[in-house]
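Trainee: As given, the protein sequences belong to chains A and B, one line each in that order. Quick note: the first sequence, position 319, residue 318 per numbering that gives the first Met the number 0, numbers continuous. Quick note: the second sequence, position 56, residue 55 per numbering that gives the first Met the number 0, numbers continuous.
Warning: the hint list may mix true and false statements.
To be verified - Per label pair, the in silico range of CB-to-CB distance:
| id | chain 1 | residue 1 | chain 2 | residue 2 | range |
| --- | --- | --- | --- | --- | --- |
| 1 | B | ALA22 | A | ILE385 | 45 to 55 Å |
| 2 | B | GLN489 | A | ASP285 | 18 to 28 Å |
| 3 | B | ALA456 | A | MET305 | 46 to 56 Å |
| 4 | A | ALA306 | B | ALA456 | 16 to 26 Å |
| 5 | A | ALA339 | B | GLY194 | 21 to 31 Å |
| 6 | A | ASP184 | B | PHE129 | 14 to 24 Å |
| 7 | B | ARG416 | A | LEU336 | 44 to 54 Å |
| 8 | A | ARG117 | B | ALA22 | 56 to 66 Å |
| 9 | A | ARG117 | B | GLN6 | 49 to 59 Å |
| 10 | A | GLY332 | B | ARG416 | 52 to 62 Å |
No lab work stands behind these hints, which were simulated from the structure alone. In this text, all values refer to a predicted model and were calculated from it rather than measured experimentally. Virtual Cβ for every residue (Gly too), placed ideally from N, Cα, C.
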Amino acid sequence: MLLCPWAAGGGTDQVSREVAALLEQELDVPVNVVNATGGAGVTGHTRGALARPDGYTLTMVTVEINMLHWRGLTSISPWDFEPVGLLNRDAAAMFVRSDAPWETLEDLGRFIEANPGRLKASGTATGGIWHLGFAGWLTKIGVAPSAAIWVSINGAGPSLQELIAGGVDAVCVSLPEAQSLLDADRIRCLGVMADGRLESYPDVPTFKEQGVDWTLTGWRGVCLPKGAPPEVTARLVGALERAARSENFRTFMQNAGFDARWEPPQQFAETMRQVDEQLGALLTSDAFRSLHRSRFGPMFFPWVLMAILAAVFIGLIATGGFKRAEDVEPLIGQGLLRAAAVVAWVAAYLLAVEWAGFVLTAGVLLAVLLRLFGSRWPVAVGVSAILVPLTYQLFAVSLRVPLPQGWLGW
Amino acid sequence: MSESFTQACAHVLGDPHVLGIIALTALYGIFMGAVPGLTATMAVALIVPVTFFLDPIPALAAVVTLEACAIFAGDIPNTLLRIPGTPSSAAYADDAYALTRAGKSQQALGVCLTFSVAGGLLGTAILLLFAPQLARVATWFTVAEYFWLYLIGLSCAVVVSRGSTLQATLALVIGLLLSTVGLSAVHTQARFTFGRPELYQGINFIPAMIGLFGVSEVFRNVLRLNAQPEGPAGEFVVPASAGRFRLKAELQTGGDGWWNRFVAGPVGMVFGPALVLLWRRKWHALRSGGIGSLVGMLPGAGADIGAWVSLAASKRFSKKPQEYGAGSLEGIGDATAANNSALAGAWIPAIVFGIPGDSVTAIVIGVLLMKNIQPGPEIFEKQGPLVWSIYVVFLLANLILIPVGFLAIKSGGYVVRVPRRVLLPLILLFCVLGAYAINGSYFDVGVMLAMGILGFALERRRIPLGPIVLGIILGGPLEERFLQTLTGAQSSLAAFFGRPLSAALGAVCILIWLFPLVPLRGGRRASGQ
């Protein structure tokens, strides 16, 4: 399976699904995409790095792996992965509304310098990759990153929406993410943070052309957990390279606007190291750290909620609204035992399933619970024997839910 | 325009390939929607690799049909077992399940289906007529407006719940607090994670929803497993005869031939009362569809908020507000109409600006780009027939929902005839599967179990569960928008009323808080709570 640390429908998900489909053809085994989302990428990357290194779990690693460990969010770093191949690099670009007064990057930079605290920018959450792109550019032209307000908005889509709604004045995201608004002439691109002009966007000047030596690119690549057997890695590298060089993949990437670029494992590792250094320097700099101090800390919202909760709770107790209703069954005797059996049942499933597999675990446990609730043994065993394999076939084989195979290997 | 329209009809209706795909994806969509834990987004993501090999129109037809059928199918487990198949069904879980316990599951599902189709068609009409104009409205929304919108959605969840306002507020705040677990979106800092990496992703609302509604219902039922006569009696069973007799009288269909027994009877039973209700409440349905489309087209709002807001509006203007939460067909109808029309609404910003209205349209934009079609204002001129094809497909998808949904309701009917001692273990297994399927994570199964216990304990104290789900879904975005508005305005609270639109939405929100206090009290006294 291929772990995608980002949500279904996003750019990384699209690339993951395309790669999975192509790898499936190359390797002749089903390759499922599993979206392990949340925690700004921590969840998916952690799961991928800690997975059993048997070659069956691949991860679509993204540039965030270069940032998370610097910010102390996870101990997982690029060195916990075995690189297989880099698939794409997308450079950050700067956008303003098409009716904005700034025609060039320099205009925008001067405005921020002259009016600290006036300009609002966004593109991702505070400390995200595009925020680094923006802050890095300001640092490079000698302006404190705190001179502009970074509004922490998750995702390119919502940030661009905010830009055209007038909530922010500039947005830093990658070019393909902004393509349709760019085509609709609602926004203007001031420059791209790449080494040279991009094939798909020949009209967009680079930052370097405008006299700022600043580049920042995000990347996506496939990795194995550290410690995968060399022959497995070699086989996957071959398959991935053929997939990445295939006509199918190139057309897909071009149509989606992603900058397709194949890098073999060693070069990929070098890229990771370079980007890691660049972002690490930025993330640990004093200028950037000072940005994180905001008036409303992470615990502001929970504290407000807890205060409301306490108030509501007191109100409920005072009005008698928290009493148990009269018409419910008391929690005693057999009923209590059965309720406990339900809890124990789920716990037993969790303990056994990874080890014995879904079919055996669910089959045995289902039969036991049916018996416990009063079915006769033949009914209990019959129902389990028919329904559990059917369920497995439907969910694991047809719908590709990664149910564990266990001993039966089915 | 008319030329594009005829072309589109020819593309869609004249192509057996497209029609076949619509029929197949309808069945697939019904199944995916009916299994809790398998979402419409997941269903669409799964068929994306297939769409690589399809032309744009069949590809879009597949996605649209899938979506329309999945969101209705979410009502089936919601009504029969009180496990919402999709989050937007959670708004009326109590209403629909109360009807099942009263032996009226077929009528309840009939209302769900009929109003879903009506809402879907209405949403299509709005998409067809006003897409470019409405898309412009969507671009006025900044973070401050979204903050108010989320707060309106949450307030509506409190308003529609049965029980006192305080009890519903307690549920809501519990949900909001649960949403703060994990990495905070604004600060990207860990909260309440106790150093456990699994908790970084926070509490996913799908397993939470399955636990709160499904597992807690299992708990409640095992307590009284022996308290009632065993066998296929008990509360799950439909006293079919009673319903049918009354209906026969209503519809004047006599006779006992096979036609009446297998076709006219069941069809009348499912659709009869629903159509009567739809005719009586046509303006309400229109209002609900309008609310659904408007909320659906706002990126990040979507069908869930649509259903809740519509239900609140429905209750507010109803003559029988005390029925809401205890089996109100009116409420169910209005809410399902809204969540189906919200689907079409989400396509408005997607087509016009390439900004996805929800996670499904995010995938759609990817599919379009792959086919070298660029969403944007020019799409109407450059790809006229394609846009019209989308409209035609939306119409077809909602029409095919009628027979397919009917079959699903009928087969769902068998579920409630299974004796509970067999059904409960199966429900539990499917709860576990559903919670696992969404992310492939065992931790989610644990969340489901914990939420089941929490839901059970709260229900015994008559605390409604719906607001908890909405709290978990909207807690993160609400906090984000709140802090974003404040950072943008350098911590000045005036930002929330700084623009005409945000001030108006803020006023609506405050009205919702102040307004229902009086009539709600009256309603409570009337229902004897």
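Trainee: Confirm or reject each hint.
Mentor: Hints and how they fare:
1. The given range of 45 to 55 Å is broken by ALA22 of chain B and ILE385 of chain A, whose C-beta atoms sit roughly 28 Å from each other.
2. A C-beta distance of roughly 22 Å is found between GLN489 of chain B and ASP285 of chain A, which places it inside the suggested range of 18 to 28 Å.
3. Remark: the range hint 46 to 56 Å for ALA456 of chain B to MET305 of chain A is contradicted by a beta-carbon distance near 19 Å.
4. Against the hinted window of 16 to 26 Å, the Cβ-Cβ separation of ALA306 of chain A and ALA456 of chain B comes to about 23 Å, which satisfies the hint.
5. In this structure the supplied range 21 to 31 Å holds for ALA339 of chain A paired with GLY194 of chain B, their Cβ-Cβ distance being about 29 Å.
6. Take ASP184 of chain A and PHE129 of chain B: their Cβ atoms lie about 22 Å apart, and the range 14 to 24 Å holds.
7. A hinted range of 44 to 54 Å for the beta carbons of ARG416 of chain B and LEU336 of chain A is inconsistent with their spacing of about 27 Å.
8. Taking 56 to 66 Å as the suggested C-beta distance range, the pair ARG117 of chain A and ALA22 of chain B conforms, at roughly 57 Å.
9. Checked against the hint of 49 to 59 Å, the C-beta distance between ARG117 of chain A and GLN6 of chain B comes to roughly 51 Å, which is consistent with it.
10. Separated by about 29 Å at the C-beta atoms, GLY332 of chain A and ARG416 of chain B break the suggested range of 52 to 62 Å.
Hints 1, 3, 7, 10 from the list above are not met by this structure, while the remaining hints are.
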